[in-house]
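Letter by letter, the chains look like this.
Number of protein chains: 4
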Amino acid sequence: MVEKIKENDYVLLYLSPKRTYLVKVEREKEFHTHKGFIKLGELVDKEYGIRISSSTGAEFVALKPKIRDYIFKSQRRTQITYPKDIALIVMFSGIGPGSHVVEAGTGTGALTAALAFYVKPSGHVYTYEIREEFIETAKKNLTRANVINYVEIKNKDITKGIDEKEVDAVILDMATPWLVVSHAYQALKPSSIFVSFSPTIDQTIKTVEALEQNGFVDIQTFECLTRGMQIKPGKTRPQTLMTAHTGYITYARKTKKQ
Amino acid sequence: MVEKIKENDYVLLYLSPKRTYLVKVEREKEFHTHKGFIKLGELVDKEYGIRISSSTGAEFVALKPKIRDYIFKSQRRTQITYPKDIALIVMFSGIGPGSHVVEAGTGTGALTAALAFYVKPSGHVYTYEIREEFIETAKKNLTRANVINYVEIKNKDITKGIDEKEVDAVILDMATPWLVVSHAYQALKPSSIFVSFSPTIDQTIKTVEALEQNGFVDIQTFECLTRGMQIKPGKTRPQTLMTAHTGYITYARKTKKQ
Amino acid sequence: MVEKIKENDYVLLYLSPKRTYLVKVEREKEFHTHKGFIKLGELVDKEYGIRISSSTGAEFVALKPKIRDYIFKSQRRTQITYPKDIALIVMFSGIGPGSHVVEAGTGTGALTAALAFYVKPSGHVYTYEIREEFIETAKKNLTRANVINYVEIKNKDITKGIDEKEVDAVILDMATPWLVVSHAYQALKPSSIFVSFSPTIDQTIKTVEALEQNGFVDIQTFECLTRGMQIKPGKTRPQTLMTAHTGYITYARKTKKQ
Amino acid sequence: MVEKIKENDYVLLYLSPKRTYLVKVEREKEFHTHKGFIKLGELVDKEYGIRISSSTGAEFVALKPKIRDYIFKSQRRTQITYPKDIALIVMFSGIGPGSHVVEAGTGTGALTAALAFYVKPSGHVYTYEIREEFIETAKKNLTRANVINYVEIKNKDITKGIDEKEVDAVILDMATPWLVVSHAYQALKPSSIFVSFSPTIDQTIKTVEALEQNGFVDIQTFECLTRGMQIKPGKTRPQTLMTAHTGYITYARKTKKQ
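Chain order of the listed sequences is A, B, C and D. Position one of the first sequence corresponds to residue 1 (my numbering), numbered consecutively onward. Position one of the second sequence corresponds to residue 1 (my numbering), numbered consecutively onward. Position one of the third sequence corresponds to residue 1 (my numbering), numbered consecutively onward. Position one of the fourth sequence corresponds to residue 1 (my numbering), numbered consecutively onward.
One should not assume that every hint holds.
Unchecked claim - Quick list of simulated restraints, FRET-style, between CB atoms: (1) C/232 with D/19: 41 to 47 Å; (2) D/160 with A/56: 45 to 51 Å; (3) D/160 with B/131: 48 to 54 Å; (4) C/98 with B/240: 32 to 38 Å; (5) C/121 with D/133: 36 to 42 Å; (6) C/256 with B/240: 19 to 25 Å; (7) B/175 with A/3: 28 to 34 Å; (8) B/161 with A/232: 27 to 33 Å; (9) D/16 with C/98: 27 to 33 Å; (10) B/213 with D/152: 47 to 53 Å.
What the hints assert, rightly or not - Listing some non-contacts, in silico: residues in chain D with all C-beta distances to chain A over 10 Å: (11) 9; (12) 58; (13) 146; (14) 166; (15) 223.
Claimed, not checked - As a list, the in silico DSSO-like pairs of lysine-lysine whose alpha-carbon atoms are at most 27 Å apart: (16) C/46 with D/256; (17) B/257 with A/39; (18) D/165 with D/189; (19) B/18 with B/73.
I should point out that these hints are in silico values taken from the structure, not numbers from a laboratory. Computed from a predicted structure; not experimentally measured. Here a beta-carbon is modelled for each residue, glycine too, at the ideal position from N, C-alpha and C.
Bound conformation, chain A alone (with noise of 0.2 Å):
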């Protein structure tokens, strides 16, 4: 009854926080790190959570991984998307099972594969992505983390406008959010939301000035900063260095123009 490992799922092999590995598990193979190698083979049929030995005898564990984990090992280490701001986008955006959302641009996938964790298994996300070069990894990537399924990746420029009609929420993550705000506005169910993630400042203006002469309404733009802490008994602290940045949530809710 107990969940086990099984041939070609992908684990999460655990040696510290800062030391994690997605791997698919393959018989045969062995999975190399600077702490010497893994026999994938000998996980399967195992218990989720074992401790494994690798060949120079550090300890590893062989964890199921979750939808945080998907999104942290779909990214490029040009543009991330952090945790933290997908779960206050999903949050603020008002999604969850079996929502209909648009999302823009698709990138590697990463934010995609929240939305779609979220809306699953009667919901959709609708994803467009101009870059054709993104599109294999981005599909790549919603394989892996199951979801699939949940997702139609579109091809298509957003600022040309959008297809669907009665979403429930429009999610960017592009160079140009404003010029999608009118598209958003005809896309969307009344009242429904609208969130955009850019980092800079000039992004973030150019959209809310877009917002406010579109109908919409309660637009607030807020940036959101996680801190580590060292939980040490006598040595509690917080981390040395932080992510400073990444970006500015920008939120607002569709109303009837006047």
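Once you've looked at the hints, dock chains B, C and D against the given chain A.
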């Protein structure tokens, strides 16, 4: 086909980001604010998102409440778990549609409502609350948020034990989370996740120590800060005041004990 | 040999960190608070640091005011430069005993008082203020802070030019700092420092552009946040509220133009 | 009349905000960087602020070092008191020209240099350091910063007692500040100020407890965060990384014991 406001629906009357009111649409009722009153009957059969004038001419918008609104409006001033924290707790816990979750304490049901919203329709929340006086309030809030069917409220002391087995997450927002760690270990599926939210550093230290002694790995503590921005062409700046602290989030994964 | 409170000295009456009063010790006066009144004459010839009871039995402490107290008490609610910002402005400007400093605008003299305090006795502050109505308030505050002798207040528009040459720093807390950058370049000693404090990002961008075009290097902008901690055994945590924003500090060094 | 660079002066060679070098101008020396070398002799008799090309054509600026530069360059990577913290310590301590200050530990002399800079020429810093191996480094750094004449370095254990009386401030950056609180009370003028800087919350709690038991009031603890901004037209945003923690600053004023 467009969704209409029906009698006995809840609407969020929006005046400004800081002035919103969650009210039940009763045909004969007036809703009074410092900006005059609104005849609620006038909203019936209107579209969500409609603008409506109060008796003094102030313009309100009748929005469809989202999960974030239900959370905000479920809380008493005294002990608030903020949407930002709830968003992160949900993301880090790994729960989603279909998950089975144990939570304590229920309190006014704000976090419970969020958990139920994200696990529905096939998942379930088992929430423990020792203080009987909260049960009725929680029920009312969960009913209003349309998630009561996905929740079992238990008037029991979780520090004495957890009835459920093989759950996907144990989520705590209570005074003594460290007393629940060993029970959480028993209740969790292998490799599944424990999350605790505590205002003080002392609670956090005790909880982390208990996690270290009870077979959890990937133990991480962090805090989340959100800062609002005032976006106005020529006058853009962060807002003047912010919440400096709500609580520390501690997260861990169950592993097989050695 | 221990310093005594004399008639007409200012004392800081301390009730709690948030309840302090800067008052002049006049022999026949009573000082009234919400916790009863204090007969100021009783303080004469007492040691600084003495505890004194109000008419209702509340205990106050008669402290010797420090520069930080004079700063805090010189300000109007509407436009506050916080001690944290003043501290950083002083440190980054490189000024110290003997420095000659140009400042604008004077306002109520809070920043002026700090600058004068740190450059005295052999340095001097030349402070420009175009709004005549501030001059008297500034004089009063600078006199009370015992630094009026180290300050020249000029009722002049600094955007029209700076009279001084070879100064060690130009420090601006005014609406249009970018209009002063070229004058600052003329007034500064080679290699000396420009600092500007602005609430909005728009002011900051214009100022940085002007600095880049006017022979400055090492141009840096940052913001400073302070967060109070509640330290209590068993209940230690950050405070609930904090100031989220006062202003951006922009800093640069003059170099020879190419 | 313009200040010239003289032989044996220190200059700050500036390449970028993150690439600066504090070097002594020796006529026959070359200073080597990853961007080629600079013939230091060429700087003699030049104006501060001059631009100079390295052997590979990279442009450096020869700046006059300020107190902040001496602080930064006095530190070892391992234990840094940041200029932001030093600025706040100075401001909150109330010291200025003429103040007499007790400090511990000396370490590499970074904080000592700042304190001496602000109390000179008529004030003095008495700095305690138990670790003999630091004394020579501190002397060298204080000499380079031109403040050695205002400092007495004492190779003594301050937890055993403070020799000085009637000082204006006691400032601690050491492992066990709570062991110094009662000595600080004896050494301070009535109403004068104690400041302590500690990386961990545990040190801070012990120190606050000692202050409460030893006749101090206005006890406050806070932390300071600075966040850099990238200011570029069209691309303005906070920087990606920041220091999340250096230490907690605890501040208190001596009052007469009851």
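Among all the numbered hints in the text so far, which are the ones the structure does not match? When the structure is compared with the hints, numbers 6 and 15 turn out to be violated.
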